[in-house]
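Participant: Keeping their order, the protein sequence lines are chains S and A. Residue numbering for the first sequence follows my numbering, beginning at 1 and increasing consecutively. Residue numbering for the second sequence follows my numbering, beginning at 1 and increasing consecutively.
Just so you know, the hints here were simulated from the structure itself, not pulled from any lab data. If you're wondering where the values come from, they're calculated on a predicted model, not measured in any experiment. Every residue gets a Cβ at the ideal spot worked out from N, C-alpha and C, and that includes glycine. Where hints are given, some of them may not hold.
What the hints assert, rightly or not - In silico PhoX-like links for lysine-lysine, alpha-carbon gap of 20 Å or less: (1) K109/A x K450/A; (2) K357/A x K377/A; (3) K63/A x K191/A; (4) K307/A x K327/A; (5) K444/A x K81/S; (6) K81/S x K436/A.
What the hints assert, rightly or not - Every beta carbon over 10 Å from chain A, so not counted as near; a handful from chain S, in silico: (7) I38; (8) L86; (9) R87; (10) V110; (11) L141; (12) P174; (13) L181; (14) Y260; (15) F277.
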Amino acid sequence: MTRSLTGRASQRPGSVSRPRRNWREIRAAYGFLSPWIIGFAVFTALPMVISLYLSFTDYDQINAPDYIGAENYRQLISDPKVALALRNTLVYAVMYVPTAMAVALALAMVLNRVGRAAGFFRTVFYLPVMTPTVAAAALFLLLLNGQQGLINRSLGLVGITGPNWTTDSAWIKPGLALTMLWGLGGTVVIYLAALQQVPKDLYEAAQLDGAGSVARFRRITLPMISGSLFFTMIVLTINSLQMFDQAYTMFFGGQQNSTYANDAALFYVIYLFQQAFGVLHMGYASALAWLLFAIIIAITAVQVRLSRRFVYYEGER
Amino acid sequence: MTVDRRSFLLGASGVAALAVTGCGGVSRQTSKGTTTSGGASSVTTQGFGKPDEVGQARIDAFKKAYPQVAVRINEGDFDPQQFLSSVASGNPADLVYLDRGLIGSYAAKGALQPLDDLISELDIDTGQYREPAMKQVTVDDKVYGIPEFYNTRNILINGKALREAGMSPQDLATTDWDKLHTNAAKLYRAKGSKVSRIGFDPKLPEFLPLWAKGNGADLVNSDGSPNLDDPKVIEALVFAYSLITEQGGWSRFKAFRDTWDIFGSGNEFVKDQAVAFPWEGWYVNVLVQSSPNLDLQSIQFTDRQGKPASFCDGSAWVLPKGAKNAKAAGQWMKTMTATDTWLQAGAARAQTVAKNKSMFTGLWTANVEADHQLHDKYVKPSGRAGFDQAVSNYYASTESAFAINSSKAGSEIKAAWTDAVNRVLAGQQQPGQALKQAQSEAGKAYSAAK
Numbered sequence: 001m002t003r004s005l006t007g008r009a010s011q012r013p014g015s016v017s018r019p020r021r022n023w024r025e026i027r028a029a030y031g032f033l034s035p036w037i038i039g040f041a042v043f044t045a046l047p048m049v050i051s052l053y054l055s056f057t058d059y060d061q062i063n064a065p066d067y068i069g070a071e072n073y074r075q076l077i078s079d080p081k082v083a084l085a086l087r088n089t090l091v092y093a094v095m096y097v098p099t100a101m102a103v104a105l106a107l108a109m110v111l112n113r114v115g116r117a118a119g120f121f122r123t124v125f126y127l128p129v130m131t132p133t134v135a136a137a138a139l140f141l142l143l144l145n146g147q148q149g150l151i152n153r154s155l156g157l158v159g160i161t162g163p164n165w166t167t168d169s170a171w172i173k174p175g176l177a178l179t180m181l182w183g184l185g186g187t188v189v190i191y192l193a194a195l196q197q198v199p200k201d202l203y204e205a206a207q208l209d210g211a212g213s214v215a216r217f218r219r220i221t222l223p224m225i226s227g228s229l230f231f232t233m234i235v236l237t238i239n240s241l242q243m244f245d246q247a248y249t250m251f252f253g254g255q256q257n258s259t260y261a262n263d264a265a266l267f268y269v270i271y272l273f274q275q276a277f278g279v280l281h282m283g284y285a286s287a288l289a290w291l292l293f294a295i296i297i298a299i300t301a302v303q304v305r306l307s308r309r310f311v312y313y314e315g316e317r
Numbered sequence: 001m002t003v004d005r006r007s008f009l010l011g012a013s014g015v016a017a018l019a020v021t022g023c024g025g026v027s028r029q030t031s032k033g034t035t036t037s038g039g040a041s042s043v044t045t046q047g048f049g050k051p052d053e054v055g056q057a058r059i060d061a062f063k064k065a066y067p068q069v070a071v072r073i074n075e076g077d078f079d080p081q082q083f084l085s086s087v088a089s090g091n092p093a094d095l096v097y098l099d100r101g102l103i104g105s106y107a108a109k110g111a112l113q114p115l116d117d118l119i120s121e122l123d124i125d126t127g128q129y130r131e132p133a134m135k136q137v138t139v140d141d142k143v144y145g146i147p148e149f150y151n152t153r154n155i156l157i158n159g160k161a162l163r164e165a166g167m168s169p170q171d172l173a174t175t176d177w178d179k180l181h182t183n184a185a186k187l188y189r190a191k192g193s194k195v196s197r198i199g200f201d202p203k204l205p206e207f208l209p210l211w212a213k214g215n216g217a218d219l220v221n222s223d224g225s226p227n228l229d230d231p232k233v234i235e236a237l238v239f240a241y242s243l244i245t246e247q248g249g250w251s252r253f254k255a256f257r258d259t260w261d262i263f264g265s266g267n268e269f270v271k272d273q274a275v276a277f278p279w280e281g282w283y284v285n286v287l288v289q290s291s292p293n294l295d296l297q298s299i300q301f302t303d304r305q306g307k308p309a310s311f312c313d314g315s316a317w318v319l320p321k322g323a324k325n326a327k328a329a330g331q332w333m334k335t336m337t338a339t340d341t342w343l344q345a346g347a348a349r350a351q352t353v354a355k356n357k358s359m360f361t362g363l364w365t366a367n368v369e370a371d372h373q374l375h376d377k378y379v380k381p382s383g384r385a386g387f388d389q390a391v392s393n394y395y396a397s398t399e400s401a402f403a404i405n406s407s408k409a410g411s412e413i414k415a416a417w418t419d420a421v422n423r424v425l426a427g428q429q430q431p432g433q434a435l436k437q438a439q440s441e442a443g444k445a446y447s448a449a450k
């Protein structure tokens with residue numbers, strides 16, 4: 001403060017004040033940032049640039065890449081498997097994201113009422129996140145088996161004949177969406193934290209005004225946690241569009257030497273992986289990666305734009 | 001350390017694919033010695049898996065013959081991503097162990113080194129290996145691999161179920177397709193939507209080459225070009241698929257098949273969940289250990305004229321591009337597949353068999369002489385007539401088996417026909433439509449690879 005006043009005092013009348021740069025602090029800041037900056041440059045930015053270049057080449061990972069212009073991108077348009085994989089991925093995302101948000105919110109609201117035992121249940125709900133995806137996928141192959149799986153047996157107890165979740169093309173994506181609910185612990189914890197931040201006096205005031213529980217949920221809870229809902233919607237959408245390990249384990253690589261696969265589970269990143277490492281089309285796979293990147297950016301941009309209407313940030317307005 | 005342009009691009013592109021898409025991918029294994037060249041006095045392997053007593057005995061034989069060479073085994077199965085990354089970075093293992101069906105595509109792309117000079121230098125007798133296996137490792141008259149195992153297919157039968165149905169093994173012969181279709185339907189059991197027994201499993205998609213051969217057609221022509229829309233191939237798929245539709249349809253059929261405890265004492269034969277299917281010879285060894293009292297019966301797979309027609313495949317040792325210790329690798333290949341080495345492996349297996357009070361069911365090697373000697377020395381009547389007959393059938397089929405012809409687009413052709421069969425199984429396409437599409441896809445890949 002003293003320095004500032006001194007500085008201002010020495011300026012001529014009418015001149016614009018400009019804070020002096022402390023180069024020592026700036027250097028220190030960059031020093032602390034440098035591990036991340038170097039990591040980002042070497043492991044993200046540079047490979048992305050090279051991948052962009054490779055997407056314009058015919059490259060099999062063994063021989064030098066040949067520049068072929070936009071041929072890979074032209075091929076993307078005419079490749080029926082790209083359309084199939086995109087359709088599968090988007091359908092899955094539409095199925096999974098709202099379901100996951102609803103289930104996670106319901107669990108978080110239950111946890112929010114549990115009281116002292118909340119810590120225990122929070123840990124229990126989060127534990128599945130720590131389970132290796134491949135192990136969980138193998139487990140769900142058994143649980144979802146249409147003939148003898150536990151899920152269909154349970155449905156059978158209430159008179160429902162369950163579908164063949166893992167082999168019927170129409171039920172593969174719903175089955176996978178169900179499977180992925182297993183790892184919702186992280187989202188539950190985020191919602192729980194958000195719910196605990198909602199001021200209690202808002203509920204009390206609403207109750208005094210005669211608002212019922214549904215009205216309180218719609219008018220207070222949802223707006224107050226809309227920031228968290230928006231964040232998880234973005235993250236879950238991106239994760240859904242990048243669906244790989246669970247589906248790959250369950251439908252493409254589960255059994256050694258098995259050649260069975262189902263097109264209903266051909267997600268975009270699985271097709272990208274097959275092109276890159278199955279048939280050695282790394283140039284084409286790079287183009288596929290950039291198309292997915294563009295799609296994710298576009299969807300996220302739309303979501304961010306919509307969020308301006310629906311998301312409330314405390315203190316912003 | 002210098003990094004060449006291609007290595008740089010590969011590493012960067014691999015990271016980029018993950019970075020751009022955020023895909024977790026399959027991590028490269030980092031076992032010690034996996035991708036580092038061991039220099040003049042060591043060999044590193046990739047894809048050899050975890051050796052059993054048969055593998056260990058042969059490793060020991062190599063170590064005894066070449067005590068100065070350090071052996072480093074990477075105990076992971078073959079991983080294309082790991083293999084290609086190591087080749088492209090110029091730092092591959094000295095030896096790679098993989099499916100012979102992959103050799104054509106990798107050789108065409110330059111990922112493998114031809115072995116002809118090494119074979120001459122080390123005086124490896126390629127005449128000792130079975131001819132179909134040698135055809136699989138030969139591309140453009142150059143040898144790219146040394147064949148090791150040799151798996152053939154025959155039909156294994158649940159004798160108890162068959163007897164109860166009043167049938168004989170010949171009622172499930174693949175000579176008369178109409179009769180087989182009728183009998184498979186008779187043996188199938190279901191209650192409502194729940195399948196309780198499969199009568200005959202045609203093992204699709206993987207055994208389409210067998211059904212096609214049974215109908216007189218090859219999926220890959222002798223010049224390496226695809227032959228997927230041959231009317232005989234289409235007819236074979238129509239028939240094999242009809243066996244599944246007759247037995248509940250694919251969704252139920254596959255879901256039920258997934259519940260089998262294939263390697264356990266409660267396997268599909270013991271639990272009467274299956275009556276018959278074609279399978280590789282190694283499965284007899286599994287069955288005799290898991291369910292030694294099983295009433296096993298078997299017949300050879302035949303074409304429609306009644307001639308045995310088993311299809312074979314197996315593994316091979318190859319030398320990746322950039323391998324730095326070719327001579328030691330060649331010595332390994334020679335030793336691991338030599339007749340004497342196989343006999344030592346046979347002795348190790350015989351010891352295990354004696355310890356488990358089991359029976360010797362064959363090692364199924366690609367070395368003709370070794371197989372004959374192992375048979376003469378260890379295959380004896382076991383008191384289990386069904387198992388003995390099964391072993392006898394597999395030995396017979398090794399003499400008449402065929403291999404899928406090698407092709408520079410072998411991987412792409414296989415992907416095309418397996419995708420086609422999967423589309424049929426999923427009900428998305430009719431067999432003719434699916435195989436015509438597969439022929440188009442495979443044809444383009446073949447033209448590009450030529």
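Participant: Are the hints correct? Go through all of them and say.
Facilitator: Each hint, compared with the structure:
1. K109/A x K450/A: Judged against 20 Å, a Cα distance of about 10 Å means the pair holds.
2. K357/A x K377/A: Within the cut-off at roughly 17 Å; holds.
3. K63/A x K191/A: violated (58 Å)
4. K307/A x K327/A: Not OK: K307/A and K327/A at ~43 Å, beyond 20 Å, violated.
5. K444/A x K81/S: holds (16 Å)
6. K81/S x K436/A: With Cα atoms ~16 Å apart, K81/S and K436/A stay inside 20 Å; holds.
7. I38: I38/S clear of chain A: closest Cβ-Cβ about 14 Å, beyond 10 Å.
8. L86: holds (13 Å)
9. R87: About 13 Å separates R87/S from the closest Cβ of chain A, which puts it past 10 Å; holds.
10. V110: holds (31 Å)
11. L141: violated (7 Å)
12. P174: Non-interface label on P174/S holds, nearest chain A Cβ at 14 Å vs cutoff 10 Å.
13. L181: holds (19 Å)
14. Y260: At roughly 6 Å from the nearest Cβ of chain A, Y260/S sits no farther out than 10 Å, so the non-interface label is violated.
15. F277: Violated, since 5 Å does not exceed 10 Å.
Checked against the numbered hints above, the structure violates hints 3, 4, 11, 14 and 15; every other hint is satisfied.
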